[in-house]
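> Sequence:
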Amino acid sequence: MQYTAHIALFFCFVQYIAQIFLLIHSMSQSSTVLQHVGTNIRSLRDERDLSQQDLADQAGVSRRTIAALETGQVNISLAKLDAIAAVLGVDFRTIVSAPEHKEQALVNALAWQGEKEESRATLLASVPSRSQVELWIWSLAVGESYVAEADADGWQEIIYVLEGELTIQFTDSKKIISAGSSFIFESSVTYTYINSGNQVLKFTRNVVY
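The letter at position 56 of the sequence shown is residue 56 when you use full-length UniProt numbering, and the numbering goes up by one with no holes.
Everything labelled a hint here was simulated from the structure, so no lab data went into it. In this text, a Cβ means the ideal position worked out from N, Cα and C, and glycines have one as well. Hints may contain errors.
So the derived label-pair ranges between C-beta atoms look like this [what the hints assert, rightly or not]: (1) A152 with T39: 38 to 48 Å; (2) N198 with S51: 40 to 50 Å; (3) G60 with T171: 20 to 30 Å.
Using the sequences plus the hints, can you model the full thing?
This is the structure:
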């Protein structure tokens, strides 16, 4: 299957990811990344002569959301941020990266921050595939969850749990993945990442589309 090669590549990264996780986890990047997102959206919108309302209508979000993003005052879902990137004609990496890093495969950008400090999603790398492959590292504090919107048809995710236990809740079923285990699924459905364990959950997420 098409994602077989990506699986092999993914597991080659696992040891490297584990070694750098503590460094990434300790970095306080939230305000910087929000600044990058806001600056990038505003710049790309201006280049395309789109008003905030134009962009909001085409991306399926409110104008208030666009305004808040551009001033670094809102933490939007990854699916909605991806929809904004699509309207602007760029990939997700371009939206979240610092301007000087937009052409690099290694990104290391915090793209989502939960209510608790330990909960975050960091895009580590993004490289072209048939379309794109993204390598993420996530952490969720005890009791925290992330509700994901359905991706487009053909999107897949490869999950590898580093520490703790990840529960992925689907509409009619759930999958529990313990440390050292992996899971592959089609992400064109609604699902939720849940940390129902008693320690901080750390896992990698490989998105193929």
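> Give a verdict on every hint.
These are the hints, each one checked on the structure:
At roughly 27 Å, the beta-carbon separation of A152 and T39 lies outside the given 38 to 48 Å, and the hint is violated. Look at N198 against S51: about 48 Å separates their beta carbons, and that is inside 40 to 50 Å. Separated by about 21 Å at the C-beta atoms, G60 and T171 satisfy the suggested range of 20 to 30 Å.
Violated hint for the displayed structure: number 1, the only one.
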